[in-house]
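Okay, so the sequence shown: first residue is 0 according to numbering that gives the first Met the number 0, each after it adds one.
Just so you know, these hints were derived from the structure itself, not from any lab. Bear in mind the structure is a predicted one, so any value in this text is a computation, not a measurement. Be careful, since some hints might not be right.
Claimed, not checked - Derived Cβ-Cβ restraints for the label pairs, each shown as a range:
1) R180 / G100: 48 to 54 Å
2) D172 / W124: 49 to 55 Å
3) K84 / G45: 18 to 24 Å
4) A29 / L171: 19 to 25 Å
5) A119 / E178: 38 to 44 Å
Each residue gets a CB set at the ideal place from its N, CA and C atoms; glycine is no exception.
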Amino acid sequence: MKAPSPKVLILHPDLNLLGGIESYYRKMDAYFTIDPGHLVIGKRPGEAGRMVMVQRLLGDYWQFFRRLKRDQYDLVLLNPSLSRKAIIREGFFLRLARLRGKKTVVFFRGWEQDFAAELAGRRRWLFDRLFKDADAFIVLAEAFRRTLREWGCSQPIHREVTVAEDQLMDRLDFPGTLEARLNDSVWRIIFPSRILKSKGVYELVDA
Numbered sequence: 000m001k002a003p004s005p006k007v008l009i010l011h012p013d014l015n016l017l018g019g020i021e022s023y024y025r026k027m028d029a030y031f032t033i034d035p036g037h038l039v040i041g042k043r044p045g046e047a048g049r050m051v052m053v054q055r056l057l058g059d060y061w062q063f064f065r066r067l068k069r070d071q072y073d074l075v076l077l078n079p080s081l082s083r084k085a086i087i088r089e090g091f092f093l094r095l096a097r098l099r100g101k102k103t104v105v106f107f108r109g110w111e112q113d114f115a116a117e118l119a120g121r122r123r124w125l126f127d128r129l130f131k132d133a134d135a136f137i138v139l140a141e142a143f144r145r146t147l148r149e150w151g152c153s154q155p156i157h158r159e160v161t162v163a164e165d166q167l168m169d170r171l172d173f174p175g176t177l178e179a180r181l182n183d184s185v186w187r188i189i190f191p192s193r194i195l196k197s198k199g200v201y202e203l204v205d206a
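With these hints in hand, go ahead and build the complete structure from the sequences.
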């Protein structure tokens, strides 16, 4: 007898917003081999003001706890950034999931190098308390996987890639285009992100 598929709950921002996580799940939703649950967390369209933000955040925690209790999910997939703003806010979702005895996978969608350096030193306790007992991690670069190993994470760490819209690739002769670009004396680079230090623009220029 085939084992039943696990019940998975994915936490992500409002998919009507523009951003990497939002576009990722808009794209991937049609390709899942299971039917995961979705819970919108984080800033909503039109949200403004600190009081509104605090009320919404508390509401997110409450809705999450209710969903775990009501729908009996087996696994929770979180999509935080490794950043000062996100680590405590998102880490509390993981603590609630562990409190309910759920397996957890953490997909780090952003990685602030300066903050990672702090976590490697005097603030390691913060990462250990919030994230170190996750059942698995997903990262977007081999360097991030090495860092987690250096921090003592022994659970599975998977390296994933980002996605692109199908219509962007339909008319592209990828092998021919790649060969032409490699043979060109001038390389033109597209940086498909906001021009922010945290997005890796300086690493790209240095490379």
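Against the structure, the hints come out as follows:
no. : hint                    : result
1   : R180 / G100: 48 to 54 Å : 51 Å, holds
2   : D172 / W124: 49 to 55 Å : 52 Å, holds
3   : K84 / G45: 18 to 24 Å   : 20 Å, holds
4   : A29 / L171: 19 to 25 Å  : 20 Å, holds
5   : A119 / E178: 38 to 44 Å : 41 Å, holds
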